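**Q** One letter stands for each residue in the lines below.
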Amino acid sequence: MRHWSVSELVNSGGLPTVRDGLADDIFLVSASYEDRTLTVVQSLSNEYRASKGIVYVNQELLKDPFINKVKPHLEQLTELLALRCESVERVEGSWLDPRVQLLALRDGLVTTTDREQTQAITIDTTTFNRESLLTAIALLRNHFPSSRMRVAYTSPQKHGDWLSQGYRTVRNVMSFAGIQQSSLPTLLMVLSGFEPERTLKLIEEHEPSKVLLGIGDPPTNQQFLQRNLDEQKLILARQEVQKFSFPASDMLACRESLESFLRPYLRSHNIAVAPMSTKLSTLAVFLIAEDHPEIQITYCVPGEYNSDNYSSGSDKVFVGELPRRSMADESL
Amino acid sequence: MSHNPLSDSPTRFTNPFVVESPEKLTTAQIVDLFVTQFTDIETVKQRKHTLIWGSRGAGKSMMLRYLEPQCQSLASGGINEFFGRGNSFFAVYCPCKEGQPNKTELLLLDNYSRLIISEHMMNLAIADRLVESFQRQFPANFFRKEDCVEFVKRTLRLFDRASIASSIEKVDSAVSLDDEPFTWLQELFIAENRKVSNYLTRNALRGGGAIYEGATSGYHDFLLPLMKLTQKLPGLNSASVYVLLDDAGKFTKEQQSIVNTWIANRDQSAICLKVTALREEYKTFLTRDGGLIEKPHDYSSIDIEELYTQSKEDYAQKVKLIANKRLGLSDVPTKDIETFLPPDSTEEALLDSFKRETAGEWEQQGQPGRQRDYVTRYATARLFQHLKASRQRKSYAGFQTIVHLSSGVVRDFLEPCYLMFDEYVSEGRSPDSISLIPPAFQNEVLFRYSEEHILGKFEDIRKNLPPEKWPQVDALKTLLESLGRLFYERLHDPEAREARLFSFTIRGSVPSSTAEVLDLGVRHRYFQLRTYSTKEGGGRESWYILNRWLCPAYKLDPTGFEGRISLTAKFIQLAMEDPDKFVKLRLKQQEDSSSEKRQATLFSLEEEEAG
Numbered sequence: 001m002r003h004w005s006v007s008e009l010v011n012s013g014g015l016p017t018v019r020d021g022l023a024d025d026i027f028l029v030s031a032s033y034e035d036r037t038l039t040v041v042q043s044l045s046n047e048y049r050a051s052k053g054i055v056y057v058n059q060e061l062l063k064d065p066f067i068n069k070v071k072p073h074l075e076q077l078t079e080l081l082a083l084r085c086e087s088v089e090r091v092e093g094s095w096l097d098p099r100v101q102l103l104a105l106r107d108g109l110v111t112t113t114d115r116e117q118t119q120a121i122t123i124d125t126t127t128f129n130r131e132s133l134l135t136a137i138a139l140l141r142n143h144f145p146s147s148r149m150r151v152a153y154t155s156p157q158k159h160g161d162w163l164s165q166g167y168r169t170v171r172n173v174m175s176f177a178g179i180q181q182s183s184l185p186t187l188l189m190v191l192s193g194f195e196p197e198r199t200l201k202l203i204e205e206h207e208p209s210k211v212l213l214g215i216g217d218p219p220t221n222q223q224f225l226q227r228n229l230d231e232q233k234l235i236l237a238r239q240e241v242q243k244f245s246f247p248a249s250d251m252l253a254c255r256e257s258l259e260s261f262l263r264p265y266l267r268s269h270n271i272a273v274a275p276m277s278t279k280l281s282t283l284a285v286f287l288i289a290e291d292h293p294e295i296q297i298t299y300c301v302p303g304e305y306n307s308d309n310y311s312s313g314s315d316k317v318f319v320g321e322l323p324r325r326s327m328a329d330e331s332l
Numbered sequence: 001m002s003h004n005p006l007s008d009s010p011t012r013f014t015n016p017f018v019v020e021s022p023e024k025l026t027t028a029q030i031v032d033l034f035v036t037q038f039t040d041i042e043t044v045k046q047r048k049h050t051l052i053w054g055s056r057g058a059g060k061s062m063m064l065r066y067l068e069p070q071c072q073s074l075a076s077g078g079i080n081e082f083f084g085r086g087n088s089f090f091a092v093y094c095p096c097k098e099g100q101p102n103k104t105e106l107l108l109l110d111n112y113s114r115l116i117i118s119e120h121m122m123n124l125a126i127a128d129r130l131v132e133s134f135q136r137q138f139p140a141n142f143f144r145k146e147d148c149v150e151f152v153k154r155t156l157r158l159f160d161r162a163s164i165a166s167s168i169e170k171v172d173s174a175v176s177l178d179d180e181p182f183t184w185l186q187e188l189f190i191a192e193n194r195k196v197s198n199y200l201t202r203n204a205l206r207g208g209g210a211i212y213e214g215a216t217s218g219y220h221d222f223l224l225p226l227m228k229l230t231q232k233l234p235g236l237n238s239a240s241v242y243v244l245l246d247d248a249g250k251f252t253k254e255q256q257s258i259v260n261t262w263i264a265n266r267d268q269s270a271i272c273l274k275v276t277a278l279r280e281e282y283k284t285f286l287t288r289d290g291g292l293i294e295k296p297h298d299y300s301s302i303d304i305e306e307l308y309t310q311s312k313e314d315y316a317q318k319v320k321l322i323a324n325k326r327l328g329l330s331d332v333p334t335k336d337i338e339t340f341l342p343p344d345s346t347e348e349a350l351l352d353s354f355k356r357e358t359a360g361e362w363e364q365q366g367q368p369g370r371q372r373d374y375v376t377r378y379a380t381a382r383l384f385q386h387l388k389a390s391r392q393r394k395s396y397a398g399f400q401t402i403v404h405l406s407s408g409v410v411r412d413f414l415e416p417c418y419l420m421f422d423e424y425v426s427e428g429r430s431p432d433s434i435s436l437i438p439p440a441f442q443n444e445v446l447f448r449y450s451e452e453h454i455l456g457k458f459e460d461i462r463k464n465l466p467p468e469k470w471p472q473v474d475a476l477k478t479l480l481e482s483l484g485r486l487f488y489e490r491l492h493d494p495e496a497r498e499a500r501l502f503s504f505t506i507r508g509s510v511p512s513s514t515a516e517v518l519d520l521g522v523r524h525r526y527f528q529l530r531t532y533s534t535k536e537g538g539g540r541e542s543w544y545i546l547n548r549w550l551c552p553a554y555k556l557d558p559t560g561f562e563g564r565i566s567l568t569a570k571f572i573q574l575a576m577e578d579p580d581k582f583v584k585l586r587l588k589q590q591e592d593s594s595s596e597k598r599q600a601t602l603f604s605l606e607e608e609e610a611g
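Taken in order, these protein sequences are the chains called A and B. Okay, so the first sequence: first residue is 1 according to this note's numbering, each after it adds one. Okay, so the second sequence: first residue is 1 according to this note's numbering, each after it adds one.
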């Protein structure tokens, strides 16, 4: 996975299309209240072109207290993509209602696009909420199995004092229910971030016999590591919790690392994985669940987001391609 | 055939009050720790569907696990002895886990498909647990292999053969039915589970057009006949199969309606359901067809916490037996919990003197009512009043007082004791040298527990709710403050005729916003909700009893009595908004009431609010 500072990326000519000289078929981005929602689109090369630009937005963000920040971002993204895409569509999903989220993404992403002709997709994962990102990628992988799929992620320079507060419910991410055997114990793997309350809620709801608590190390930014460790102290003190480290800044290395920790439990436990760290590690969890459909991806819906001060600045832009699925895996 | 030996290593506790999830305890630990007296276990053992209500930590899961064959075998002197009895049962523990039955993808199915798929998933989960029990809960060779093979073959016939053909082929390639029949059957269930999961995923990703290719199973064509086949296994002596659905609040409402439908069939001679849940999480009593399951025709129910409400003495005995068992399994030299947690002796002496004093008063006042009631009513209140006047802090130390504080939930007794012991050891003492926890040390932990674990919980509750519900948390906090202060004033008022108030009833109906706050209080166990006959007769009022763990924080009396005040909806509303005004007005109303001016005060309150 390659990464640049934003200025390096822009100075090098910006982000090109997936295939040299050929337009992408889909460019997908999610609009949010964070300024870094614009970074990748603003860093596209002058030659970048796509057949279809899709701007996803959760409908809850089009109301108070988010709308004042989200609406301008949404308009900017639409305008910028209109310069480079034949058409631009807005897809309104929901972070509260998983049914609305899935149906919106499914209608927006797949019904009007040709399965065979879609060969190159770019996804800016930066400001998707993790649940909708996982659902979107699952839909795209399923409908366009032969397409090359490139992901981009902009890490922030700084995170706010808090990212989200409280929690509403715990549920499996749509299409990642996993396969459970009721007689097996549960293993919960949490890729922790800066939201220890949500981790505790996940532990409380799943009542796992064992918890693997992952700390992103190396992180996307060294300053994030100590905060991550400090915030997870309380959880690490619990008897059933075992700590491990994973590379939060590299999707494929992360996948390899997570898989090595999970492999001993694949037959002996029902496994639920909660990605709560970077989007790159969330993508790694996607790849693992794709390889092992028995693994469930679980998600704790937050009570509210810190829309005023979730993050600031754009630090690095990470870009990489999702490995293609083998033909045997495409039978779903 | 895999097998767990019946004899586990002996249980020893470093901290005798440690609370461990029953799922993680071994058979020997469960038998060592479970107390059969005062637990309703005999009701649960009866061949009748039972709903078991109770808070987290009340002991529901422990009770269910105690019913499993290994535990019953240890308790009965052997597996053959247990199943040889006329009224034996084969209990299969089926915990409901987050993300297993309540999959998000079910939201995408139409109602009919959702019910069909849900029931099939639930059947597969129970069947898997049943077969797991054959393998884990019985001694090796308890079942003859040919009987097991026959059981599996008959079970297969319960499915549509064509629907499971591909699963059979897959399982055959990995496991031999003749060599490992139960493992073979579990693999088949996994294969069928995989089909359900694949279908749900396909349906989510592809939308219309996804076709389910696996089997389906219902109650009459699968679950009931499966249990009848189980009964026929030699050695089980036709025992009814008790399906122990633990934490059924994790089921969706539709899945709960499926359980209700099973219950309504009343086939207890073959399958008997024991369902535990937090009362507020069991969302329906309707069956799939809209029928209502009713007590006592369809099921019996028990509420584990009611033992305390009904008989405080029995509850204290139960806690004493549990605590003594735990002390017995630890290195602590003292094996009697009352000795281990002594009360404050100075305060005990003071209380005795007030008892003597009030007994004398009873004589002087012409023996009104029973002497014991008179002494109970006034002696403790006098003690509180005396301590306040002499600026001394009330002690909540002592086994009996801590039992009262725990309000009927055993875990709420064990947890503070765990903290006390842990902190006492951390001061450099060895567990085998601790013969008691001094009252002053107990008190420190008890006050802190009351403040941090009970009053400090509001932040946790808030986190568990969406922001739009946060005003309810504030209202609940204010309501508790209002009640705490009112009850404190009454308890410390030497003129109060009924000083020991600890609960309230509500006259008339309350607006839904108020009811939601009260429900929140019940859900988080700040209140226990009971009903009470109206003074006028012919109806019942909601009766809210405060959690006694609030007593140290508000300096109230936790012992026994549940003196109550009756509040109107307007007063409750006021208590949720303004503690100062509520306390002032309620105390004034009390004064006015004694001088027959009660009605005027109510009018004045209403006028103020209207303005």
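Worth flagging that the hints you see were computed from the coordinates, not collected in a lab. Among the hints, erroneous ones may be present.
What the hints assert, rightly or not - Some, not all, of what chain A presents toward chain B, calculated at C-beta under 10 Å:
(1) G14
(2) I67
(3) K69
(4) K71
(5) S94
(6) L96
(7) V110
(8) Q117
(9) P185
(10) P293
The model shown is predicted, which means the values in this text are computed figures rather than measured ones. Cβ atoms here follow ideal geometry from the backbone N, Cα and C, with glycine treated the same way.
**Q** Should the interface hint for V110/A be scored as holding, given a Cβ-Cβ cut-off of 10 Å against chain B?
**A** holds, 9 Å
**Q** With a cut-off of 10 Å on the beta carbons, see whether K69/A makes it to chain B.
**A** violated, 17 Å
**Q** Under 10 Å, Cβ to Cβ, is where G14/A needs to be relative to chain B, so tell me if that hint holds or is violated.
**A** violated, 33 Å
**Q** Hey, does the Q117/A contact hint survive, CB to chain B under 10 Å?
**A** With a closest approach of 19 Å, the Q117/A hint is violated.
**Q** Is the interface hint for K71/A satisfied, with its Cβ closer than 10 Å to some Cβ of chain B?
**A** violated, 21 Å
**Q** Should the hint that P185/A touches chain B count as held when the rule is a Cβ pair under 10 Å?
**A** Constraint on P185/A satisfied, holds at 8 Å.
**Q** Quick one, is the P293/A hint okay against chain B at 10 Å, beta carbons?
**A** holds, 7 Å
**Q** Go through the hint on S94/A and say holds or violated, using the shortest Cβ distance to chain B against 10 Å.
**A** Hint violated; S94/A Cβ to chain B Cβ min 12 Å, cut 10 Å.
**Q** Double-check I67/A for me: the hint is only fine if its C-beta lies closer than 10 Å to a C-beta in chain B.
**A** Since the shortest Cβ distance to chain B is 16 Å, the answer is violated.
**Q** Would the hint on L96/A stand, with a C-beta cut-off of 10 Å toward chain B?
**A** Holds, because the Cβ-Cβ distance from L96/A to chain B comes to roughly 9 Å (cut-off 10 Å).
In summary, the numbered hints that this structure violates are 1, 2, 3, 4, 5, 8.
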